[in-house]
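Build out the structure end to end from the sequences listed, making use of the hints.
In this note's numbering, the protein residues as written are 1 to 688.
If you're looking for bench data, these hints aren't it; they were derived computationally from the structure. A quick note: this is a predicted structure, and the numbers were derived from the prediction, not measured. Some clues are possibly wrong.
[Unchecked claim] Taking lysine-lysine and the DSBU-like style, the derived pairs with C-alpha atoms no more than 30 Å apart in a straight line are:
1) K548 with K399
2) K309 with K323
3) K658 with K580
4) K661 with K588
5) K323 with K588
6) K528 with K516
7) K580 with K188
8) K602 with K566
9) K514 with K548
10) K332 with K516
11) K380 with K367
12) K309 with K566
13) K373 with K358
14) K548 with K588
15) K573 with K188
16) K573 with K661
17) K399 with K367
18) K549 with K388
19) K588 with K246
20) K254 with K212
21) K332 with K566
22) K227 with K164
23) K332 with K528
24) K270 with K309
25) K661 with K514
26) K323 with K516
27) K578 with K309
28) K385 with K528
29) K384 with K480
30) K384 with K549
31) K399 with K514
32) K516 with K580
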Amino acid sequence: MGSKKDNCFSRNEIGQVFTPEYIAEIIVSRVLYYSKILMSELVTQKVASLKILDPCVGQGVFLEKLIEKGVPSAAITAYELDTSLAPYLIQQFPEITFKFENFLGASLQERFDIIIGNPPYLGQNYNAELFQQYAREYDICRKYFTGNMDLFYYFIHLSIEKLKPGGLLSFITTNYWITKSEKTGITKLKPHILDTCYLLEYIDLSKLHVFKNAKGQHNCIFVLQKKSSEKNKTSKIIAKKNKANKSINIIQIKRKQDSFQFESIEEYNKHIIHKIIENKPSPYYTTYFSALTNEDLEPNNSWNLLLPKEIKKHIDHIENLCKKDNAITYLKDYFLIRNGLILISDDAFILKENEHIKHENGEILVKINSHYKKLNQNEKNRLKKLYKSSSIRAFGYNKEDFIGYVLFFNRNEKEKGKEKEQNDENKKKNNNEYEDENKDEDNPNNFSGFSQYLSQKYPHFIQYLQQHRSELRTKLINAKENPSDIFFPRRGDRIRIYGHKKRHLLDLEPFYEKSKKIFFPYISPTNKFGYTEDPYFATSDTYFLWPKKTAENLPYEFLLAYFNSKLVQFLFKAKNIKIKRSKTKIEKNLPIPNLDQFSSPKEKKIISIIEDLSTILMTWNEEDNPITEESQMEHSLIPIKSLINLDIIKKGAHFTFKEIKGMVDILFFKLFNLDRNEIMRLMTTYYS
Numbered sequence: 001m002g003s004k005k006d007n008c009f010s011r012n013e014i015g016q017v018f019t020p021e022y023i024a025e026i027i028v029s030r031v032l033y034y035s036k037i038l039m040s041e042l043v044t045q046k047v048a049s050l051k052i053l054d055p056c057v058g059q060g061v062f063l064e065k066l067i068e069k070g071v072p073s074a075a076i077t078a079y080e081l082d083t084s085l086a087p088y089l090i091q092q093f094p095e096i097t098f099k100f101e102n103f104l105g106a107s108l109q110e111r112f113d114i115i116i117g118n119p120p121y122l123g124q125n126y127n128a129e130l131f132q133q134y135a136r137e138y139d140i141c142r143k144y145f146t147g148n149m150d151l152f153y154y155f156i157h158l159s160i161e162k163l164k165p166g167g168l169l170s171f172i173t174t175n176y177w178i179t180k181s182e183k184t185g186i187t188k189l190k191p192h193i194l195d196t197c198y199l200l201e202y203i204d205l206s207k208l209h210v211f212k213n214a215k216g217q218h219n220c221i222f223v224l225q226k227k228s229s230e231k232n233k234t235s236k237i238i239a240k241k242n243k244a245n246k247s248i249n250i251i252q253i254k255r256k257q258d259s260f261q262f263e264s265i266e267e268y269n270k271h272i273i274h275k276i277i278e279n280k281p282s283p284y285y286t287t288y289f290s291a292l293t294n295e296d297l298e299p300n301n302s303w304n305l306l307l308p309k310e311i312k313k314h315i316d317h318i319e320n321l322c323k324k325d326n327a328i329t330y331l332k333d334y335f336l337i338r339n340g341l342i343l344i345s346d347d348a349f350i351l352k353e354n355e356h357i358k359h360e361n362g363e364i365l366v367k368i369n370s371h372y373k374k375l376n377q378n379e380k381n382r383l384k385k386l387y388k389s390s391s392i393r394a395f396g397y398n399k400e401d402f403i404g405y406v407l408f409f410n411r412n413e414k415e416k417g418k419e420k421e422q423n424d425e426n427k428k429k430n431n432n433e434y435e436d437e438n439k440d441e442d443n444p445n446n447f448s449g450f451s452q453y454l455s456q457k458y459p460h461f462i463q464y465l466q467q468h469r470s471e472l473r474t475k476l477i478n479a480k481e482n483p484s485d486i487f488f489p490r491r492g493d494r495i496r497i498y499g500h501k502k503r504h505l506l507d508l509e510p511f512y513e514k515s516k517k518i519f520f521p522y523i524s525p526t527n528k529f530g531y532t533e534d535p536y537f538a539t540s541d542t543y544f545l546w547p548k549k550t551a552e553n554l555p556y557e558f559l560l561a562y563f564n565s566k567l568v569q570f571l572f573k574a575k576n577i578k579i580k581r582s583k584t585k586i587e588k589n590l591p592i593p594n595l596d597q598f599s600s601p602k603e604k605k606i607i608s609i610i611e612d613l614s615t616i617l618m619t620w621n622e623e624d625n626p627i628t629e630e631s632q633m634e635h636s637l638i639p640i641k642s643l644i645n646l647d648i649i650k651k652g653a654h655f656t657f658k659e660i661k662g663m664v665d666i667l668f669f670k671l672f673n674l675d676r677n678e679i680m681r682l683m684t685t686y687y688s
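Shown next as structure tokens:
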């Protein structure tokens with residue numbers, strides 16, 4: 001959620017978004033439900049005797065719901081920083097203990113049975129000064145501060161420490177911390193939770209728009225129970241209950257359907273939430289125990305909680321066929337995932353037709369100071385068609401969808417320039433010439449030996465870049481990079497790769513030009529992988545798969561078909577693999593089949609057919625381009641008889657891109673010995 005009226009800041013620091021009544025109602029209902037189950041053997045721990053805390057009370061919606069459920073006002077403590085709400089709160093709830101101060105400064109001496117609320121959401125990246133201030137002022141913030149965290153992490157940390165053994169904590173938050181892994185802001189949060197608590201329940205609200213004016217919502221409700229290590233009678237009973245209750249209950253709200261029948265989004269939300277509270281069956285949600293237990297949760301990895309047990313067994317089956325030397329192999333074991341070209345300045349290096357360059361009578365001309373000048377052949381070779389991720393299609397790309405021409409200089413030429421520079425230096429020494437130490441680096445007439453080398457080989461492009469020289473140098477200086485490297489991409493032209501004995505820098509230009517390349521958008525809702533062996537240079541919103549070992553002979557046709565298959569779409573859903581800028585989930589969670597495990601004649605035949613069909617799809621690469629049976633029979637590309645024998649097609653079938661792709665999907669289910677209809681049913685049940 002973008003912002004919240006958390007009342008832990010001044011109104012000027014953060015916007016106001018109050019908790020909807022139905023959200024408070026379900027949190028109170030669920031936490032009291034677990035309280036009754038877990039405390040049923042403790043006579044003294046009835047609802048009326050619980051000590052309850054709301055750390056960020058706002059207008060008091062949680063207080064109202066607690067009182068409605070029979071909790072005495074005197075048992076409730078509430079924190080609120082916004083003193084302007086004090087008169088209203090005190091008048092409305094006179095018996096509740098209010099503390100009009102920042103909860104983050106609360107003492108650890110007072111403990112509670114239940115803590116509930118809607119803590120503030122505020123990212124550290126864009127509010128560094130506030131987080132630094134809190135780290136100076138509050139012990140809890142100093143103890144648990146980490147980069148890329150969110151403010152509500154502090155509320156979880158402190159609430160855990162203020163719980164009694166066996167106590168319950170339930171918040172509504174964004175769900176990003178659940179899905180984050182190492183090198184993110186959860187490096188202290190998840191270990192703290194796992195060391196001290198059990199996760200009892202997770203309610204997935206990501207399909208609901210809960211907070212009216214907030215953007216980018218992916219919310220959840222969770223219930224934690226604090227572990228007990230004390231040796232008294234009460235804690236022994238709690239520990240016994242804990243030991244038997246390590247499963248994680250999931251309540252998963254499905255994708256919006258028939259919401260038009262309701263007067264508003266809020267009414268739609270209320271309808272679903274009340275069905276959950278009343279424990280009534282509904283097509284709008286499903287409930288199950290996650291295949292992951294608390295013991296499966298790892299402190300520095302993503303928690304894929306939305307994994308039903310009936311899906312987990314299929315995942316295990318698939319991953320067993322991806323094992324090599326008794327270990328599952330993943331995408332990261334075969335490929336490095338790297339962005340395309342990151343330029344110093346798109347405006348300077350992406351040359352567009354009729355704006356920076358033009359084609360005329362078989363020549364290419366570049367615009368320099370309002371005049372067009374004809375490029376030589378060396379210069380023409382430095383222009384590469386440049387594509388964005390929007391050009392990517394399954395099995396290929398749209399060749400006509402390039403955005404312009406990138407001016408691409410190869411860093412290897414820098415070595416040639418250094419040779420020239422050294423030769424020039426030697427000449428100066430021999431002639432007793434010395435360079436002016438006060439030379440103006442921004443003077444376009446001042447060139448290093450490398451620049452002079454480039455100006456001789458690419459005279460018009462050097463003149464063109466002189467128009468942007470000051471801007472390019474400034475950007476590199478601000479990025480703390482070498483300001484003399486104004487000719488090259490900042491990233492994406494080289495990668496570090498494993499050679500025979502050690503890692504080395506690999507020049508990617510030859511691979512962009514000719515090699516086999518698999519690529520995919522860095523933001524994509526599904527598995528869409530393109531391919532080409534033609535020249536293909538792309539912007540940074542494209543991820544490329546580069547083999548970790550260049551000499552390794554990888555089965556590209558098979559892998560491309562696998563990446564684009566319904567089977568991988570199922571894996572994406574079941575394993576919560578999302579392509580949203582970060583590559584961590586896909587490289588660490590997408591298993592790669594071990595073809596040595598498919599050794600029977602039938603399995604080998606299926607693999608061969610998959611590769612043949614993949615070749616066709618790579619060749620056609622146009623979903624609207626019809627593929628006739630006659631043309632394919634003529635070239636013997638589609639193994640008609642084999643497909644008929646495998647019951648994939650019938651005689652006289654017509655072929656389109658979509659239909660051939662469907663054949664590939666069926667073949668993968670056959671290869672992995674999976675019931676396609678069952679997989680589709682599971683997709684519809686849990687992920688539609």
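Evaluated hints:
1. Simply put, K548 and K399 have alpha-carbon atoms about 27 Å apart, close enough for the 30 Å limit, and the pair holds.
2. Restraint check: the Cα-Cα separation between K309 and K323 comes to about 21 Å, which is no more than 30 Å; the hinted pair holds.
3. Note on K658 and K580: the hinted pairing holds, with a Cα-Cα distance of about 26 Å set against a maximum of 30 Å.
4. Among the hinted pairs, K661 with K588 is consistent with the structure: their alpha-carbon atoms are about 26 Å apart, no more than 30 Å.
5. Taken as a hint, the K323 and K588 pair is honoured in the structure, with Cα atoms around 14 Å apart against an allowance of 30 Å.
6. Distance check on the hinted pair: K528 and K516 sit about 17 Å apart at the alpha-carbon level, within 30 Å; holds.
7. This hinted pair checks out: K580 and K188 have alpha carbons roughly 23 Å apart, not beyond 30 Å.
8. Taking the CA atoms of K602 and K566, the gap is about 21 Å. The hint holds against a cut of 30 Å.
9. At most 30 Å may separate the alpha-carbon atoms for a hinted pair to count; K514 and K548 meet this at roughly 18 Å.
10. Under the criterion of a C-alpha separation no larger than 30 Å, the hint pairing K332 with K516 is consistent with the structure, at around 18 Å.
11. Simply put, K380 and K367 have alpha-carbon atoms about 14 Å apart, close enough for the 30 Å limit, and the pair holds.
12. A threshold of 30 Å between alpha carbons decides the hint, and for K309 with K566 the separation of about 20 Å falls inside it, so the pair holds.
13. With a C-alpha separation of about 10 Å, the suggested pairing of K373 with K358 holds against the 30 Å cut-off.
14. Restraint check for K548 and K588: satisfied, since their Cα atoms lie roughly 15 Å apart, inside the 30 Å limit.
15. For the hint linking K573 to K188, the alpha-carbon distance of about 28 Å falls within 30 Å, and the restraint holds.
16. At most 30 Å may separate the alpha-carbon atoms for a hinted pair to count; K573 and K661 meet this at roughly 19 Å.
17. For a cut-off of 30 Å, the pair hint linking K399 to K367 stands: about 25 Å separates their Cα positions.
18. With a C-alpha separation of about 27 Å, the suggested pair K549 and K388 falls inside the 30 Å cut-off, and the hint holds.
19. Of the pairs offered as hints, the one joining K588 and K246 holds, with about 26 Å between alpha carbons and a cut-off of 30 Å not exceeded.
20. A hinted pair counts as satisfied when its Cα atoms are at most 30 Å apart, and K254 with K212 qualifies at roughly 19 Å.
21. Distance check on the hinted pair: K332 and K566 sit about 21 Å apart at the alpha-carbon level, within 30 Å; holds.
22. Distance restraint check for K227 and K164: the Cα-Cα separation of roughly 9 Å lies within the 30 Å cut-off, and the hinted pair is therefore satisfied.
23. The straight-line distance between the Cα atoms of K332 and K528 is roughly 18 Å, inside the 30 Å bound, and the hint therefore holds.
24. Of the pairs offered as hints, the one joining K270 and K309 holds, with about 29 Å between alpha carbons and a cut-off of 30 Å not exceeded.
25. With a CA separation close to 26 Å, the supplied pair K661 and K514 stays within the 30 Å bound.
26. Proposed proximity of K323 and K516 is supported: the alpha carbons are some 25 Å apart, at most 30 Å.
27. For the hint pairing K578 with K309, the CA-to-CA distance comes to about 21 Å; that is within 30 Å, so the pair holds.
28. Of the pairs offered as hints, the one joining K385 and K528 holds, with about 21 Å between alpha carbons and a cut-off of 30 Å not exceeded.
29. Proposed proximity of K384 and K480 is supported: the alpha carbons are some 28 Å apart, at most 30 Å.
30. For the hint pairing K384 with K549, the CA-to-CA distance comes to about 26 Å; that is within 30 Å, so the pair holds.
31. Between K399 and K514 the alpha-carbon distance is near 15 Å, which keeps this suggested pair within the 30 Å criterion.
32. Our distance criterion of 30 Å between C-alpha atoms is met by K516 and K580, whose separation comes to about 24 Å.
Violated hints: none; the structure is consistent with every hint.
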